[in-house]
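S.K.: Chains as they are written, first to last, in numbering that gives the first Met the number 0: chain H, 0 to 430; chain C, 0 to 209.
Quick caveat, the hints were computed from the structure, so don't treat them as lab data. Treat the hints with care, as some may be off.
Claimed, not checked - Derived pair list, reagent style EDC-like, types lysine to aspartate or glutamate, alpha-carbon separation capped at 20 Å:
| no. | chain 1 | residue 1 | chain 2 | residue 2 |
| --- | --- | --- | --- | --- |
| 1 | C | K17 | H | D223 |
| 2 | H | K385 | C | D64 |
| 3 | H | K124 | H | E92 |
| 4 | C | K28 | H | D179 |
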Amino acid sequence: MGVIENVSRWILGREAPEEELEREHLERLQPKDQLMPTWEEGEEGGKMVLSMGPQHPSTHGVLRLELEMEGERVLKITPDVGYLHTGIEKTFETLRYDQGTALTPRIDYLSPMNNTWCFIMAVEKLLEITPPPRAEYVRVILGELTRINSHLVWLATHALDIGAMSVFLYCFREREMILDIYEMVSGARMMDSYYRAGGLAWDIPPGFIEAVQAILDILPARIDEYESLLTRNPIWMERTQNVGAISAEKALALSATGPALRATGVPWDLRKTMPYSVYEAFDFEIPVGSRGDVYDRYLVRMEEMRQSLRIIEQGIRVIPRGPFRIDNHKIAPPPKEEIYLSMEALIHHFKLWTEGFRVPPGEAYAAIESPRGELGFYVVSDGSAKPCRVHVRGPSFINLQLIGPMSEGGLVADLVAVIASLDPVLGEVDR
Amino acid sequence: MLGEMLRGLGTTFKHIFKKPVTISYPDVKRPVFERFRGRHELKRHPNGLERCIGCSLCSAACPADAIYVVPAENNNEVRFSPGERYAEVYEINMIRCIFCGFCEEACPVDAIVLEHNYEISSYSREAMIYTKEMLLVPPPPGAQDVPQRGFAPPPQFMPSPSSHPNRVEGPPPGGRITTYVAADEETTDYVRANLMDADRDNKIDDEDYR
Numbered sequence: 000m001g002v003i004e005n006v007s008r009w010i011l012g013r014e015a016p017e018e019e020l021e022r023e024h025l026e027r028l029q030p031k032d033q034l035m036p037t038w039e040e041g042e043e044g045g046k047m048v049l050s051m052g053p054q055h056p057s058t059h060g061v062l063r064l065e066l067e068m069e070g071e072r073v074l075k076i077t078p079d080v081g082y083l084h085t086g087i088e089k090t091f092e093t094l095r096y097d098q099g100t101a102l103t104p105r106i107d108y109l110s111p112m113n114n115t116w117c118f119i120m121a122v123e124k125l126l127e128i129t130p131p132p133r134a135e136y137v138r139v140i141l142g143e144l145t146r147i148n149s150h151l152v153w154l155a156t157h158a159l160d161i162g163a164m165s166v167f168l169y170c171f172r173e174r175e176m177i178l179d180i181y182e183m184v185s186g187a188r189m190m191d192s193y194y195r196a197g198g199l200a201w202d203i204p205p206g207f208i209e210a211v212q213a214i215l216d217i218l219p220a221r222i223d224e225y226e227s228l229l230t231r232n233p234i235w236m237e238r239t240q241n242v243g244a245i246s247a248e249k250a251l252a253l254s255a256t257g258p259a260l261r262a263t264g265v266p267w268d269l270r271k272t273m274p275y276s277v278y279e280a281f282d283f284e285i286p287v288g289s290r291g292d293v294y295d296r297y298l299v300r301m302e303e304m305r306q307s308l309r310i311i312e313q314g315i316r317v318i319p320r321g322p323f324r325i326d327n328h329k330i331a332p333p334p335k336e337e338i339y340l341s342m343e344a345l346i347h348h349f350k351l352w353t354e355g356f357r358v359p360p361g362e363a364y365a366a367i368e369s370p371r372g373e374l375g376f377y378v379v380s381d382g383s384a385k386p387c388r389v390h391v392r393g394p395s396f397i398n399l400q401l402i403g404p405m406s407e408g409g410l411v412a413d414l415v416a417v418i419a420s421l422d423p424v425l426g427e428v429d430r
Numbered sequence: 000m001l002g003e004m005l006r007g008l009g010t011t012f013k014h015i016f017k018k019p020v021t022i023s024y025p026d027v028k029r030p031v032f033e034r035f036r037g038r039h040e041l042k043r044h045p046n047g048l049e050r051c052i053g054c055s056l057c058s059a060a061c062p063a064d065a066i067y068v069v070p071a072e073n074n075n076e077v078r079f080s081p082g083e084r085y086a087e088v089y090e091i092n093m094i095r096c097i098f099c100g101f102c103e104e105a106c107p108v109d110a111i112v113l114e115h116n117y118e119i120s121s122y123s124r125e126a127m128i129y130t131k132e133m134l135l136v137p138p139p140p141g142a143q144d145v146p147q148r149g150f151a152p153p154p155q156f157m158p159s160p161s162s163h164p165n166r167v168e169g170p171p172p173g174g175r176i177t178t179y180v181a182a183d184e185e186t187t188d189y190v191r192a193n194l195m196d197a198d199r200d201n202k203i204d205d206e207d208y209r
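Model the full assembly from the supplied sequences, consistent with the hints where possible.
M.R.: Shown next, in the form of structure tokens:
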């Protein structure tokens with residue numbers, strides 16, 4: 000019976016009355032212009048509005064892009080962010096400075112140590128303290144490991160988006176070694192809270208140098224392996240070369256930083272241009288591209304991994320001996336063994352863990368070169384133990400502006416490559 | 000062009016002969032590092048008394064506000080910990096907990112320790128609120144469970160048995176007091192001479208904290 004009905008409807012071009020009623024009812028409920036995709040009759044054919052994301056595997060998180068399309072061509076991109084908004088900047092205001100280090104790794108969860116480093120640098124500026132050299136060197140080594148860690152995830156997902164599955168698996172294999180080092184030094188694989196105001200939470204454990212050396216021994220050959228899979232691969236080149244290109248002027252005008260800017264040929268890297276910590280003591284180079292397309296951003300990041308390895312190699316040779324944390328027990332808690340023996344230490348310990356440390360009133364901005372660009376923390380203190388305001392300059396958020404100029408006018412398939420090459424972390428975009 | 004593709008294929012082909020890097024998890028468990036922060040445990044003294052003195056410092060340090068402590072007084076008839084106070088209620092909301100380890104760092108008596116167990120899933124939210132009974136480790140062999148009777152000496156300077164860098168390892172510096180002993184003459188003299196006057200060097204300036 001049902002078959003005959005269907006056939007008759009197909010021949011006669013008519014719908015059954017019940018279904019017609021139902022359709023009319025649905026149309027009344029949902030006005031036509033709110034249905035997606037919407038077609039608009041233009042002069043040169045139909046325009047379609049397509050919602051890409053928030054649950055799309057190639058948007059690297061919960062990013063939603065509203066695409067205005069004509070066929071396969073993207074005419075206009077409107078990013079819609081906020082799906083991962085956690086209110087983390089506001090949460091900083093309810094926690095003490097020392098507790099804030101538990102929040103920072105959660106902003107950009109692919110480079111957790113860098114966020115804490117930046118926050119701590121701003122707090123140290125307000126406190127007018129300098130961490131001991133040993134802490135600075137360990138921070139640099141771990142910071143560069145974090146850069147490699149983040150770039151490995153970028154390469155893995157970038158290749159996966161374009162269809163290279165093996166690279167994804169190989170990158171995560173190597174990332175595991177870096178996460179092991181995180182676990183070794185801090186006890187957590189991602190949410191480390193290892194950097195503290197005035198130094199580090201604990202000294203580096205025995206076996207740390209050897210574990211880092213193992214990475215230095217293995218990784219260069221593995222990076223060559225990724226390159227053997229991708230760099231001269233005709234499919235990869237076809238998908239990335241001259242895709243999502245942007246000029247240096249445009250990138251600078253949109254305040255892009257990080258590999259997205261360096262791929263256009265601007266050698267702007269905070270480690271060189273505004274040196275912080277002990278980066279001046281290291282010998283390394285800033286790779287730059289020339290055309291500013293997806294392929295250049297790929298090459299820049301691959302070279303950055305090699306340069307990071309160079310920094311780490313220099314770093315582990317010269318980690319100075321000495322304290323890993325400043326000796327001021329008004330800011331850094333005294334060592335645990337001291338509080339068993341000294342009443343002063345016990346009082347400092349209780350004061351610090353109940354009231355925290357007071358930070359002089361004022362404001363400070365600290366910026367570091369995170370794997371994505373300039374990561375900045377702007378901290379305002381009112382003199383109490385809790386920050387008055389914390390603002391994060393997330394490079395992912397600002398670099399996301401480039402997505403329009405990069406891929407408007409291109410194909411929707413190229414947009415996937417462009418998003419991956421910008422490497423946004425939505426935790427940092429939405430905060 | 001074909002050569003480049005064959006080169007890529009060669010790289011993937013090489014991996015057929017390599018040992019897999021994955022482990023089959025529920026059967027094989029990955030060892031964790033010493034500093035790993037997993038499920039909390041409340042430790043005991045060698046004589047079976049609880050280490051926790053109910054000072055709530057862990058609760059104050061917790062950025063996630065996950066720890067709830069209600070202290071109570073010990074007496075010589077019903078004794079849970081050496082010294083005056085113990086934690087009558089000690090609860091950790093494991094859904095709120097972010098495993099930052101601040102409670103362990105804050106604990107002045109090394110009572111709460113984040114150990115290496117990471118299998119803490121559950122089917123209900125209620126079961127994720129860990130009570131004191133769940134967190135407290137069983138008494139060491141031969142030791143009596145709490146509550147105990149009788150007078151316990153005031154808390155001494157005892158190293159925790161753990162090897163965590165944050166925890167005390169071996170004898171405290173100076174090596175004067177190494178084991179858990181009842182307050183003998185030597186200890187008492189040492190405490191009188193060195194520790195009774197908390198601010199003997201005037202190092203602590205309370206104005207700094209106001």
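S.K.: Evaluate each hint against the coordinates.
M.R.: How the hints compare with the structure:
no., hint, result
1, C:K17 x H:D223, "holds (18 Å)"
2, H:K385 x C:D64, "holds (16 Å)"
3, H:K124 x H:E92, "holds (18 Å)"
4, C:K28 x H:D179, "holds (15 Å)"
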